[in-house]
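My request is simple: use the sequences and hints to build the entire structure.
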Amino acid sequence: MTQLISDPILLMGGTGAIGRLTARALRTVYPDVPLLIGGRELVKSRQVASEIGQAEGVVIDPRDDDLGLGDRRVGAVAVFYADERLAGLRFAQGRRVPHLSISSGVYEIAPEVATYMHSPSAAAIVLGYEWLVGATTVASLACAKAFAQLHEITIGALVDEQDGGGPAVAEDFERLSQMMPAALTRRDGSYIWRSKDDTKAEFRAINGTKVEGAGFSSIDVVGLAVATGSPNVQFNIATGVSSSRRRGGSKSTEIIIELAGEDHDGRPLRTRHAVFHPDGAAHLTALGVSMIIERLVGLDGSAPTPAGLYFPFQVFDHATYLSRLQAEGGSIVPLDVE
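Per this note's numbering, the sequence shown starts with residue 1, numbered consecutively.
Derived from the structure by calculation, the hints contain no laboratory data. Glycine included, each C-beta is placed from N, C-alpha and C at the ideal position. Worth double-checking, as some hints may not be accurate.
Label pairs and their in silico Cβ distance ranges [claimed, not checked]: (1) 198 <-> 94: 38 to 48 Å; (2) 328 <-> 96: 30 to 40 Å; (3) 85 <-> 54: 22 to 32 Å.
This is the structure in structure tokens:
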């Protein structure tokens, strides 16, 4: 059963690559859900809204408490760029509607956490900073079912050098890399910051090619550590040629998941899997964002997500996510263990 939503979903930065893909993903599953495409230029916002259908383009003014929208009602707010003023969050909390943002780093979340702590019963807030907004954690937790106890989780994200993701994504990477070159890691049960030579990493892509990477401070580290109890969790990232492009195809995105621990019979177990999406990182990100919005406002007919502070993987149904990933041509691929 699909819930009829009268108040539109506000997509701040909806004219960008991931914003457009998210709008299309929502439109595919829910043809009648109303959308507000928010941007800095009215002409561009209206153009994108026209392309999406059942949408309206609006200009967002982050300096106004009402974002320049006046008394217009909205059902939820999703932000696709670095919102330094927390304009979208303040707006959402003031109107007691859910909020999702995807552009902050793990060391930038204090203002959002403080906002939640000040009004914990206002509405749901999702810290959508997991790598590709749920793709890493959902797949890792699915692979972890083979283990009774996890000792190590090592994530390797390979970004194809042709997979830019748009100007907002490029700005996020530049800001995050300059702000904190050290990488948040869990090692022997303690949270540490890898720096200098300790950040260097190497992992194998889907096709077995070794790629040189570096540690990355993804919120996946703390999410997976808490969810699984694993004392060792690290996230590494590399830019290069994706396995599909090495085969002569188009760019894709892949996330290598390496787990070690004990199986349900107490025997040592090591596994390697990869999350694969044939259309690149932006499409996989849009899948996660659209499914979070769906659950925040109850588009699927179930009760909307209650007030609280959430990781993405805590919001949507994992089986449904994996089913939609497969429908888009993506998959979790089992790989040989070294």
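- In this structure, is the beta-carbon distance linking residue 328 and residue 96 contained in 30 to 40 Å? holds (33 Å)
- Could you see if the CB distance from residue 85 to residue 54 stays within 22 to 32 Å? holds (29 Å)
- Distance restraint evaluation - residue 198, residue 94, Cβ atoms, bounds 38 to 48 Å: At roughly 43 Å between Cβ atoms, residue 94 and residue 198 fall inside 38 to 48 Å, so the hint holds.
Figure legend: structure checked against the earlier numbered hints; every hint is met.
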